[in-house]
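From these two lone chains plus the hints, build me the complex, please.
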Amino acid sequence: MKYIYYPGCSLKSTGKLYEESLLAVFDALDMDYAELEDWNCCGATAYMAVDERKAFALAARNIALAEEQLKSEPEVNIVSPCSACYMVLLKTQKFLEEHPEDKAAVVKALKDSGLNYTGKVKVRHPLDILVNDIGEKEITKRITKPLKGVRVASYYGCQTVRPYATFDDQRNPVTMDKIFKAAGAEIVDWTMKTRCCGGSLTGTIQEVALPLSYIILHEAKKRRADVVTTACSLCQFNLECYQDDMDKRFKTDLKIDVIYFSQLLGLALGIDPKKLGIHRLFAIPENIYKIMEGGNRVYV
Amino acid sequence: MSDNNNKLNGSPQTNGAAVSNGTPKIGFYVCHCGHNIASQVDVEDVQKFASELPGVAVSRDYKYMCSDPGQELIQKDIKELGLNRIVVASCSPLLHEHTFRTAAEKAGLNPYYFHMVNIRENVSWVHDNKESATKKAKDLTRAAIQRVFFHKALEKKTVPINPDVLIVGGGIAGITAALTIANAGKHVYLVEREPTIGGHMAMFDKTFPTLDCAACILTPKMSAVKSHPHITMWTYSEVEKVDGFVGNYRVQVKRKPRYVNEELCVGCMECIDACIYKEAKYPDEFNQKLSKRKPIYIPFPQATPQVVLFDPETCIDFKSHRCKKTCIEVCDREAIDLKQVPEYKEINVGTVILTTGFKTYDAELSPQYGYGRYPNVYTSLEIERLVNASGPTAGEIINKDGIKPKSVGIIHCVGSRDQKAHKWCSKVCCMYSLKLAHLIKEHTGAQVYNFYIDMRTPGKGYEEFYDKLMTEGVHFVRGRVSEVTDWALVPEEENKLTIRVEDTLIGVVRRVPVDMVVLAVGLEPRVDADDIRRMFNISCSNEGWFLERHPKLAPVSTFTDGIFIAGGCQGPKDIPDSVAQAGAAAAEVLSLISAGSIELEPNTASIMEDHCSGCKSCIPLCPYSAISYIEDSKKAYINEALCKGCGTCVAACPSGSITQNMFDDEQIFSEIDGLLKFAGIELEETEGEHA
Chain B
1 MKYIYYPGCS LKSTGKLYEE SLLAVFDALD MDYAELEDWN CCGATAYMAV
51 DERKAFALAA RNIALAEEQL KSEPEVNIVS PCSACYMVLL KTQKFLEEHP
101 EDKAAVVKAL KDSGLNYTGK VKVRHPLDIL VNDIGEKEIT KRITKPLKGV
151 RVASYYGCQT VRPYATFDDQ RNPVTMDKIF KAAGAEIVDW TMKTRCCGGS
201 LTGTIQEVAL PLSYIILHEA KKRRADVVTT ACSLCQFNLE CYQDDMDKRF
251 KTDLKIDVIY FSQLLGLALG IDPKKLGIHR LFAIPENIYK IMEGGNRVYV
Chain E
1 MSDNNNKLNG SPQTNGAAVS NGTPKIGFYV CHCGHNIASQ VDVEDVQKFA
51 SELPGVAVSR DYKYMCSDPG QELIQKDIKE LGLNRIVVAS CSPLLHEHTF
101 RTAAEKAGLN PYYFHMVNIR ENVSWVHDNK ESATKKAKDL TRAAIQRVFF
151 HKALEKKTVP INPDVLIVGG GIAGITAALT IANAGKHVYL VEREPTIGGH
201 MAMFDKTFPT LDCAACILTP KMSAVKSHPH ITMWTYSEVE KVDGFVGNYR
251 VQVKRKPRYV NEELCVGCME CIDACIYKEA KYPDEFNQKL SKRKPIYIPF
301 PQATPQVVLF DPETCIDFKS HRCKKTCIEV CDREAIDLKQ VPEYKEINVG
351 TVILTTGFKT YDAELSPQYG YGRYPNVYTS LEIERLVNAS GPTAGEIINK
401 DGIKPKSVGI IHCVGSRDQK AHKWCSKVCC MYSLKLAHLI KEHTGAQVYN
451 FYIDMRTPGK GYEEFYDKLM TEGVHFVRGR VSEVTDWALV PEEENKLTIR
501 VEDTLIGVVR RVPVDMVVLA VGLEPRVDAD DIRRMFNISC SNEGWFLERH
551 PKLAPVSTFT DGIFIAGGCQ GPKDIPDSVA QAGAAAAEVL SLISAGSIEL
601 EPNTASIMED HCSGCKSCIP LCPYSAISYI EDSKKAYINE ALCKGCGTCV
651 AACPSGSITQ NMFDDEQIFS EIDGLLKFAG IELEETEGEH A
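Protein sequences appear in the order of chains B and E. Using this note's numbering, the first residue of the first sequence is number 1, and each one after it goes up by one. Using this note's numbering, the first residue of the second sequence is number 1, and each one after it goes up by one.
Hints in this document: simulated from the structure, not taken from any laboratory. Treat the hints with care, as some may be off.
[As the list claims (entries may be wrong)] Going by beta-carbon spacing under 10 Å, a handful of chain B positions derived as facing chain E: (1) 166; (2) 169; (3) 170; (4) 171; (5) 172; (6) 189; (7) 190; (8) 191; (9) 192; (10) 211; (11) 215; (12) 219; (13) 222.
Positions of the beta carbon are idealized from the N, C-alpha and C atoms, including for glycine.
Chain E extracted, bound-state conformation (with noise of 0.2 Å):
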């Protein structure tokens, strides 16, 4: 075709590129859906015109492309008319690309001569005018049909998976999925921030609906993780540094100094008996500040690795270095070491999965409960750890002035449900509220009062763990809390907070007064998750949630090859949820690794050496430590292994001499040519300003 024939019939001008692949032939397809496109887009009307667009060969809509004869009319129209681009207009790429791709090279065409339109996502689903919906598409259509003339035939690599996996978080879920990997014999590097593994289960006394002891289940777990022999974990340490990318990562971890040698230190905790301070007095974060620990600690009696360390804020050594450094005299260890710094790893993985888990709500954000203010104001996890043997009071639940409590309110969804903190359901609290009723009416006799919106109890036994509270007595009552105060109203309310109250099933609205009040707060995520999602190149959802691939089929993936999460950290959820989330992922690496290789996609970026200035400009840019610089040809060099295919250093390289597969400036000029034409728009011949 000449150029003036491209200008007469409307077909992309080709400014005398060469197209690959002999003359475009195009087939054009467009998908029902069932309903889905085709109720807001008049589909029959998409095909006609597709079909008098330059280069169609064929146009057809089918009811469901996706489907195995929506496939092989692809297949049986490449074989017998000698298609050589194919376009389907249906849903996201993100869920059929690869089905198409796969039938086109099934067909023997190169796969990169297909490309996919979006008319349901982007348009039947987003509009509800069927008119100008139909416009959109077939919009949308003519620049899919002019883009493809520019595609090339390109061929995929293939990387090899590095079998050993990294773990973030030592957590149930971190702890489930390093056991499972380690137990198919593949490493895994754990990775713990807090001075033990455990995580939250570690802190809770019973777990419901069965109320098995926590400790009981998860201990024995935490053991298998210290003592297995492929499994390398890191307490008390930070990943600092990711680069990489799937099958290949390169990470870096901060092991923060515990100034005791892991090693040597046995757990026998002498060196806390010897602290010169004889009373413990800086508060134990482990046990929610309930307790006081010394300067030299051990975070709980199970905690994992049985080591002790030492807080640099508050031992006198570290402050003024004038201790007599008693710790140190009675170690005949000699593993006490304050001079330790933190200590750089650096490991390769082929593959991560995040359990990061989450946090409580911070319940002084809603003063109307009084946390913070009233001393008998308690949030959940301090009553957690209130009720458990090991925790500040042994294991009874008693007040901070030492009185048990005759009446306890526990105040359902707080920081959850509420436009001025959370709109989500935090799915857990109505059934740890239950497990707590449960537990403060065994140990205390007291009477226990659930302030409930609706009480959300879907689980295995977890309806039947609800009747049996309500067969033991505990009070329901329904309506949103609207304070705790200390103002008395009448005689039997002073010195107690009174919980006020609409209870919406009778209609009146109720002033409770108790002697303790219990906050069962939601679960939000942790405060830098943010930071963790940008290291590992992952997204969020917008209320910090990692967010997953697909929310039904892929829940463990995300957007990023070879990077799962698992647990709290995608989302609030309970321990056997957390547990078979972790599951979820450690199969996926499993089968990651058991694949051993992988195929990238070759949307990379490679430089045109006769252009390149070797400015250097490209190679600080790239995320991936893709560009190199060549000495002796004084050019830029990317390694196509290395690059992921962002586009960073095309658009950056001053002299344009950076292409990208998939992405090259005809493809998309013709695209947005093709776009514009709607508009009696044509973009000028302007090759040189394109460069």
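Extracted from the complex, chain B is given alone in its bound form (with noise of 0.2 Å):
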């Protein structure tokens, strides 16, 4: 099957090291994928407010473009990694099966810059594809340097999963515990998958945005987990980026990874750090390293 790859903005910039892991991942199990050319901004959660049905056209032309680009195939499937496009594209196509008339308004200004949206592409998360399109067990069959004594947090953050995505349950999604289990890791059970990190509060309100990134690293810390897994850009920044202010303001010692699924999955497959843009991260996740070598932790 051929998929249709579409960054969005974050994994050019901030996510760039998402994107260099996810992409080798794909490369790993011999995905089919291609660029989605010509691609534009999904218009996340601002153009949505200033105006809903140019917003819809926006992002719908990705979908069209999709469609274009994969014309000669009977299905066509978009992998958005960034949860904010992957939340923004499925609720354009729900919109507007449900709103004929933008939708008839939408399909006219596509139609008129030469573009077709039929409706019938598939707005795919990594996530959902690793794990139903490829498999646990072909997954596991790959593994090379497996994830034994690590214990990974998954985190999926507030958008991945909710409120469009069907692939998993929104409250206690399991699809990353699927995914690092094939890899050899031990899960951590908790309740923190869905929780808000703090969002762009970050950059405004840090005093509201501090306490609840703090909630998710505390938590993980205390079961014991060596790192927290993330599939969205935003969340890997707040909660890796953060982890002074954090332990200034609520006097403790957090160290803890917080890394893309992609990277940590890379790593169990094989792949070369340096592809994978570990060295783009803030801290160099030593302990998983350790651990993988079957050595002791380098910090608690």
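Set out below in structure tokens:
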């Protein structure tokens, strides 16, 4: 099956390491994919609040482009790793199906620029593809460096499985658990999987955002997690980069690795850390390396 | 009338087929139904339109056709104008077809010369444009008038009612219905799937709002069922097959093997003590798996019948055949029979009451409440067992770690009033939560919190019970709980379950740490409700509850004659409502039995012998086994007494040699022709193709 990869803005900037690691994993799993040509901004939350119909047209253009690019294929799957893009694309499809008038306007606008929107495109999250298209068995087969002894707390944030995704439970998602179980890791059972990380409030009202991030990391620490894996650039950024501020404010010593699920899976697949963008992290996950080698943790 | 004339004035093409009862003289009546129809349909316009249609001798509109004066209008016209066809445009035939047929019959017209047009449910109630609604009403009217040209006089058939009754489900509803009918001297077969009767009520400790002991009021009824001379009680049994029709159902019941002879066992339970498993080690279903049982067990002390049974899944002898069989040695009545096989009973009954009950919502489907994740989160049914003297802790409310809780949170509406689970209110949870709050407080002295969306306490003495609970010091927090979690924000929350909830009365988000959480799970249809409804040929609502014939006026009847429903299978309801419905269903059954016979609609199918090729393709299709093959004539034959008029064989016959009363080709095609005239389409004269 051929996939269309829609990066969105984050994966080309702050989330560069997400893109690098995800595509490296796709390659390692022999997935057939191509980047969406001439893609544009998904609109995120900002444009929706300004002009809904135009925002949906903007997002729908990406879906129509994918249709165009895979014109000859009976089935078109867009892979959307950024949780905001993923949510917006799903929302767009749902909204247009439920609002025929808006759909007609959007379809016409796209038609005028030479594009077709039929709605047949499937918007997929890479987690969904890894578990439901490739499968845990296949992943296990490809693992060369099992994550033996690594305690993984998987974290999805607010938009990956809510509110439109259907590939996993919205309150207790387990897709990442399945992947890392297949990669030989120990799974941490916790209830923080979809709790808010503070989102963009870290940049605006930090006093509100910091406790939100802290609750998540504190709980991961309490449950002896070695690593928190994320599927969203903003979550990764908030949870990794503000640990010093949290330590100061809550008088703790958090020191816990927060990396993309694709990076951790990439390590288990034996991919060179450099190709996984590990060097772009704030802190190199030395614990993971050590545990995978069978050694003791450097920090707890 | 010649064919030419028909064409000119647009009357139905009779194709030379003879119309019965002389030249059609049709009376047409359109009903205002107060404002129900008249506000959306221009009834006078419809009346004028109909008066100009061929064959219509008189056309009138009237405020309430179903009223006595309305009916008298029809009767007067039949007598004075010599009408021989009647069409009424009003509500659904489900409501008043019978009324008008009877009116016509009283005026000396065969009731099957009457036809009804539904311009209320199908027109005025569902359209908001008066002009097009009126047009649709006219089209339907024209179709009906063209149809009625070809109606024929038909005779109803009468079938006797077998006085024996089948009741499926031995909960409080089934028990009540069984006793009522049996006390009237009629024989009842009570079939229960579980090893004992009693249903959910047998699991409860107390009942709201009177707080009387559930077992004390239920067990006398259970024993009465067991010993009643007119009740055949088959527990651990399921209905496998149902054939026939009202008055004459043939039912096959499978009696699952208990591996114990029910006639011989006296319930001494010595075999249970003798079992080579010294400790009970398998989850006890009756106690909601909070305790353990042995492979040979009895569900609870007052189980009826008082007979043990084997669980072949866990008994060593069934798995390896290498058990010492100490149970058999100890039984001096030789009641144990490990070679028992399922037994199939065939019974004939005239009527059926389904009292198959409900199941509780699976709390694991709402993972935010932590059921299955945190050991101290319980469902309400589990607490019912915990608080019950015959339960797993002999009535002590303690957590799984053996510690008595100092604070307990009861979360309402788990699985109910939830867009992600069930949209309906389960009706009983507010009240049973109040009852549990009272019992928990009484047993433990704990602080008890109720987290509710709305308190719903309509019922005799229910609101007073709620008042009483408030004076007892039970806390009430209004708001839907967002999650139950074990992460602590402050030291007081360590090692507790914290309930996060928006208290909507004071407008703040609260965190309430408690030792025990009780989930007030809602009620939902049983998993196999759909299989049951298919077997008995009744309908289900979208949610899966058995559908009553009319929500207000026929609440225990179904769309299948002779099949009645009562209790939780029809929708969430408490014990008083279930008992009331069971009584109503019993009365319906007794009324049929008392009448002795029932008139059936003459909409049966028949074989045109000249055309039948004897291919037998219709025979296996008939759901009522009404068709047989006559060897002598090499033709199929339909037994009219068995035919229910479903029409399957009519549609399936390859040579078109089956016709059905009230659904003749002429009637149907003429009706379609009348309907399509709005689009300027006329059906061609295709006599050959119709067949």
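* **Hints that the structure is at odds with (numbers, increasing)** => 1
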